[in-house]
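Enquirer: Residue strings, one per chain:
4 protein chains.
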Amino acid sequence: MADEKIEKIPYSLNSKAVADATKYWLNKRGVTLEEIAELVIFLQQKYYPNLTMDECIHNVEMVLSKREVQNAVLTGIQLDVMAEEGKLFSPLQDMIENDEGLYGVDEILAFSIVNVYGSIGFTNYGYVDKLKPGVLQRLNDKTTGQIHTYLDDIVGAVAAAASSRIAHRKQAEREIELDLPHTPEDREEAARKLAEYDETPE
Amino acid sequence: MADEKIEKIPYSLNSKAVADATKYWLNKRGVTLEEIAELVIFLQQKYYPNLTMDECIHNVEMVLSKREVQNAVLTGIQLDVMAEEGKLFSPLQDMIENDEGLYGVDEILAFSIVNVYGSIGFTNYGYVDKLKPGVLQRLNDKTTGQIHTYLDDIVGAVAAAASSRIAHRKQAEREIELDLPHTPEDREEAARKLAEYDETPE
Amino acid sequence: MADEKIEKIPYSLNSKAVADATKYWLNKRGVTLEEIAELVIFLQQKYYPNLTMDECIHNVEMVLSKREVQNAVLTGIQLDVMAEEGKLFSPLQDMIENDEGLYGVDEILAFSIVNVYGSIGFTNYGYVDKLKPGVLQRLNDKTTGQIHTYLDDIVGAVAAAASSRIAHRKQAEREIELDLPHTPEDREEAARKLAEYDETPE
Amino acid sequence: MADEKIEKIPYSLNSKAVADATKYWLNKRGVTLEEIAELVIFLQQKYYPNLTMDECIHNVEMVLSKREVQNAVLTGIQLDVMAEEGKLFSPLQDMIENDEGLYGVDEILAFSIVNVYGSIGFTNYGYVDKLKPGVLQRLNDKTTGQIHTYLDDIVGAVAAAASSRIAHRKQAEREIELDLPHTPEDREEAARKLAEYDETPE
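Protein chains in written order, with the UniProt record's numbering: chain A, 1 to 202; chain B, 1 to 202; chain C, 1 to 202; chain D, 1 to 202.
Heads up, none of these hints are tricks.
Copies of the same chain are indistinguishable here, so a pair counts whether it falls within one copy or spans any two.
Cross-link-like lysine-lysine pairs, in silico, DSS-like; alpha carbons within 27 Å at most:
1. LYS132 - LYS23
2. LYS142 - LYS170
3. LYS46 - LYS130
4. LYS87 - LYS23
5. LYS28 - LYS87
6. LYS87 - LYS142
7. LYS142 - LYS28
8. LYS28 - LYS130
9. LYS16 - LYS142
10. LYS170 - LYS132
11. LYS130 - LYS23
12. LYS23 - LYS142
13. LYS46 - LYS132
14. LYS142 - LYS132
15. LYS46 - LYS142
16. LYS46 - LYS170
17. LYS132 - LYS28
Derived from the structure by calculation, the hints contain no laboratory data.
Please construct the entire structure, taking both the sequences and the accompanying hints into account.
Expert: Right under this line is the structure:
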């Protein structure tokens with residue numbers, strides 16, 4: 001983070017470019033929103049049996065719309081790509097190429113993603129990262145020549161964050177249904193959801 | 001976090017009760033929203049000279065509307081109150097009562113607050129926690145008999161989180177003003193703000 | 001954390017008192033070092049089939065000798081005890097008593113424990129916290145009247161941290177065995193270990 | 001972090017290579033241990049007026065001997081170097097090149113460094129990162145063509161971690177001097193120190 005106020009070249013961050021690059025790179029590295037949503041289903045079906053794929057995809061999209069998440073996704077994929085091209089300096093190249101057990105920066109980036117929806121997602125992240133269901137198994141296949149040391153953890157973290165987001169929203173929906181007093185923040189989306197308002201673009 | 005689905009006593013979290021308790025306890029412990037907003041002004045005026053108190057208060061309120069923040073505020077104040085009443089077991093009582101330098105759980109809770117708006121707030125938190133301007137100086141006065149070992153850090157963290165929130169919103173406003181393409185998430189509030197829509201209840 | 005240098009009452013932290021209280025309270029709340037060590041075996045046997053209980057107990061002890069860990073253990077158990085006695089203010093009492101899913105301060109404290117040995121332990125923590133093997137199942141039994149909302153997460157975190165510590169030490173032992181150049185930090189304990197030096201008091 | 005046990009190419013992490021690369025790259029990017037030690041003096045002189053440069057350098061070295069710290073240092077410098085060479089993909093290139101205010105992955109890596117010695121270092125990190133004394137001012141000079149978006153935060157974090165380490169050691173020394181009961185962990189180094197044992201290689 002910079003404090004400087006004057007820059008030589010007029011630099012201006014375009015938030016849409018950051019968001020678009022996030023989607024582009026996830027896709028280019030072979031990960032679809034549907035696959036991440038399936039991890040969410042895997043994690044949450046036990047608690048919310050009626051959870052739909054559409055709902056999960058929406059929540060994954062909302063997680064991916066956060067700048068903090070976009071920064072982590074882009075940085076992690078960049079390091080994976082560089083490692084795949086053999087362009088990192090030694091021994092960082094070896095550590096990322098071999099998904100070294102004592103190298104934990106990938107988990108640190110993953111945690112910054114989970115954290116966006118709070119600590120309740122820590123457990124879910126650890127769980128899918130250990131079990132490696134669905135897309136995570138493919139990303140961990142070391143025979144392909146592809147390197148997904150970061151992406152593997154990032155995808156699990158996005159799914160965990162989306163699960164946390166769902167837990168918060170479900171509580172809001174429940175309170176509205178029961179006509180309980182509730183806090184305004186969660187209310188808006190929950191209300192829209194109950195009214196089956198089309199929220200796709202949000 | 002619990003996974004159980006059946007409970008002896010029908011327990012149901014009321015999110016409004018949690019939000020109301022947060023406001024109540026901050027107030028009861030002598031901290032006003034205005035004082036937290038002044039810390040935000042202190043931190044952000046350099047970057048946004050036109051920042052108003054109303055804007056800062058609004059952002060502090062938005063931070064305090066987050067469940068993760070409410071949990072940290074309530075837990076920290078509870079420990080302060082217990083320490084003030086001498087009800088903690090030894091040596092925890094001594095450590096919290098004396099704001100022991102090697103005891104850092106207060107900072108851990110503070111960080112869970114800052115984190116809600118991402119890592120860009122870490123620096124601001126450390127800065128006010130060290131300088132102790134405004135309300136933080138009063139909370140650190142050890143001659144009053146009051147114990148604010150947690151509250152001190154919590155208030156700085158809420159101000160830092162509000163500063164991060166402002167940085168994100170200002171970017172969104174700038175993009176809308178410049179008619180740049182922008183991401184939907186930040187857009188809603190920014191648009192309302194530019195239209196001087198009354199957002200008080202949100 | 002305090003910066004003040006003069007205090008009314010001559011307060012002096014005794015690190016041994018903090019360490020002793022940590023052991024005392026773990027024991028009083030019904031958790032033995034052996035039970036935590038069994039979680040470590042559960043997590044690490046796959047990677048180190050020859051791992052012994054003694055080795056795991058030693059590593060658990062080393063984790064528990066860290067001040068940061070002691071602070072988290074004592075603070076968490078204190079909140080559990082207060083909740084069990086019904087002494088917290090509402091709605092914090094209800095949230096901790098019922099191990100509320102949207103309350104995540106217990107996980108935040110757990111993470112400060114895991115973090116002491118770095119991010120490589122995040123996954124192990126999440127995994128045992130989800131599966132709840134051994135002692136974690138007992139701590140999660142909601143029919144006993146006891147409240148272990150914090151302790152449950154803390155015990156899993158200590159086991160995950162001990163697992164990370166083992167991973168670091170095993171690497172050091174391997175390098176010494178292979179007569180590789182190695183860094184001094186891990187060397188001392190590894191050398192002692194290979195020489196079957198009695199390291200119990202350390 | 002990887003769980004796989006069989007790898008195509010016999011890869012074996014050499015911890016000394018990682019440690020050496022850390023020193024090499026810090027040096028190559030123009031940062032000396034003395035400069036980091038000066039930040040430690042800046043942060044700690046108020047509390048320990050007799051603190052020597054040698055002591056600070058030793059503590060900086062100890063921080064840099066931790067694998068977690070080495071991983072963060074190497075990863076951050078790698079990203080700085082790539083950005084300096086213009087080799088990152090857009091818009092990550094722009095964000096790191098311009099030390100974008102809404103990009104916080106540099107702070108996330110910095111925090112993983114501070115965390116190694118616990119939460120008591122958070123405040124010190126934020127403080128130097130904001131004030132930018134000594135070497136931090138030079139690293140923030142945007143007119144040189146060099147990019148130190150990560151290194152800037154990393155150096156501040158190493159100084160903050162060294163400060164935390166000193167706080168822990170000073171407590172141990174004090175307890176030994178007062179012949180108080182103390183915990184074994186901190187005892188060894190403190191005892192050596194008091195005996196003016198040459199601890200340089202450790």
